[in-house]
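A.B. asks: Chain by chain, the residues:
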Amino acid sequence: MSAAATSQGEFLQHHFTTPEQQADAGKIGMWLFLVTEILLFGGLFVGFAIMQSLHPRAFLEAHHHLDRMLGFINTVVLLTSSYTMVMAVHSARTDRRKRVIVYLLLTLICAGIFLGIKCVEYSHKFHEGLLPGRFYSHKGDTVPGQFMFFSFYFMMTGLHGIHILGGMAIIAWVLRRAARGDFSHSYYTPVDLVGLYWHLVDLIWIYLFPLLYLIQ
Amino acid sequence: MTDNYLSSPRGFKSWLTTVDHKRIGVMYLASILFAFLLGGIFAILIRIELLKPGHNIMSADTYNRVFTLHGAIMIFLFIIPSIPAALGNFVLPLMLGAKDVAFPRLNLASYYIYVAGALLAISAMVAGGVDTGWTFYTPYSTTTNGSVGLMTFAAFVLGFSSIFTGINFIATVHKLRAPGMGWFRMPLFVWGMYATAIIQVLATPVLGITLLLIIMERVFSVGIFNPQLGGDPILFQHFFWFYSHPAVYIMILPGMAIISEVIPCFSRKTIFGYKAIAYSSIAIAGVSFLVWGHHMFVSGQSSLANVIFSFLTFLVAIPSGVKVFNWIATMYKGSISLEAPMLYAISFLLLFAIGGLTGLFLGALATDVHLHDTYFVVAHFHFVMMGGTVMAFLAGLHFWWPKMFGRMYSEKWARVSAALIFIGFNVTFLSQFVLGSRGMPRRYYNYLDQFQPLHVFSTVGSWVLALGFLIMAGYLWASLRKPMDAPANPWGAVGLEWQTSSPPPEHNFETVPTVTGPPYDYSPVEPEPAEVHA
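Which chain is which? The protein sequence lines are S and U, in order.
Here the first sequence is numbered in our numbering, starting from 1 and rising by one per residue.
Here the second sequence is numbered in our numbering, starting from 217 and rising by one per residue.
Chain S extracted, bound-state conformation:
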């Protein structure tokens, strides 16, 4: 029996007949989960769109407080992390085990940079009193109602940030499994699924960035 066949058998759960069946089921499950994520964020996007249409001037005015440059850098950082994630999956599929570890580490680092920049942005907002709802205390506004924009800014980027944190946790988990040598061309479903999740988190940011930072 070849090494590949052994690793297939090792991770095949009892209720599946073939590794392909197990991998397909996993993918269906992950795609369905991603659909629920899109609908979860969808509620916030719809709420944002309606509130923006009710208060267009306040939203336009409020978004000037955001730093487009930092937002842009973060977009680039996340796009890069998606690339390294793709490469991690590709390396797993082609049995390059060292590279899997390197690419997963790079992805983790990108995620860390993203959160670091986000922290800088948040602390800036905290300092200026640009806070959600009743905690909004920014002085010298010419247009009223800007707190609503920051309600959404914090809810949307906050929920997204929680997803980044969750993503980092599961990337760390597959990293550990990769280091243990679990993955090969015949079994790399966990890397694949974590990759799918990570791309979705990235994609949501791709929508959040223009929505929040680039209002015209």
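Be a bit skeptical, because a hint or two may be false.
What the hints assert, rightly or not - Cut-off 35 Å, straight-line C-alpha distance, at most; resulting in silico cross-link-like pairs (DSBU-like, lysine-lysine): (1) S:K27 <-> S:K118; (2) S:K27 <-> U:K491; (3) S:K27 <-> U:K229.
Calculated directly from the structure, the hints in this document are not laboratory data.
Dock chain U against chain S, hints included.
C.D. replies: For chain U alone, coordinates are given in the frame of chain S:
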């Protein structure tokens, strides 16, 4: 005695850590029955309070909390998980000839999340209570005292449990069908579960974010639902019903799924219009997402939206009607026997027909203005949910009880209890249609003297109903106390779940079954007699 899933492996811990879909189904069953008892006690308390106008046994504020808890418990802790997570978990993999669901650990996680959500809900009751109604309408829910935040968080957590079950079932249906079981050889129960799972996956996250927004509104005053801050309370209703209308199909589709199993078995006939029933489940799931506005005809929604939503609502009647007519056509010239599951299935047909038709009164704009927020709505809802889903749940429970626990219950007492439940139900809720059409508003603590006779009628009905359930609890409990006597196939039913022993072994089948023909082939199968114990 051979080993089965109940006896092997042994020990309490083996149950808590099990990933066996059958055991998880049984644990869910015990939990939802407990929730049903709790919600039922609240229902009886509500009815006693309404025996005569004014103060009887509780204050007005307590009354508001009690009806909220009745609704929230029955919806989130009982009906939504009842058929899919308890019965569905048990029989769906068996029906497909699979060893388990696609993600057994996710299945167990779903159960523990359910328990966590239930504990949160119960602690919300103890810590202050909730008086918003189960719908949590803003702006009241964002301004009232009590533990609305905790209760909405509980419902948020319970949503995950529902989503996980949905994901599991979809993946299971796609990937774990036995050799030879094509899509159109699947039992209709599986089609119904599949349609339900689609709604669970697509609708529940929207409720999740809506409930989070309520919590945010309460903690941060974010403003989205608060008109004083420039928000829109109607937006909450849109968000809420975008989930909660499809959610009533999460509740009724599994009921319909059970009926499609029980009726052919006790009519000894192939189901009439298999494909029509299968597609109508998917059609109901699809249309369910387009009708939420019919809850808001008098909320200040635009007239154009009202007309569109009213029209779309009537569309739901088509696939529902297709199903009912197909079931009746199945019974036509069948060899009908009236065991307990069939009694409940026939109750379902009668009561669901009334519930469905009165839904059209409410979907029509002109009549809804008169009937909105009256007891007519309460009666309609209970006819669909209790007359529909709960009757179907009881049909399924009696149908699969021998399979789940390997024991037959007392058929005589089962018939008595079915009769009491049917009579009690109608006495309780038919009177509420009349009350509502005469103008009795829902959720009121006090009422005009002229409504009292009908309220008394309804309350007495609730006692008959309660008696029926007590008898059921008695004979089901008694059946568990005796030795196993159920044969593999007591009803002479077709379907893979009847080809394995009762109760099934740990991995469901001794050998993987192969499917060679269409489902519901009732020509050659005969019931087996129960084993006689000396």
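A.B. asks: Taking the hints in turn, state whether each one holds.
C.D. replies: Each hint, compared with the structure:
no. : hint             : in the structure
1   : S:K27 <-> S:K118 : holds, 31 Å
2   : S:K27 <-> U:K491 : holds, 28 Å
3   : S:K27 <-> U:K229 : holds, 31 Å
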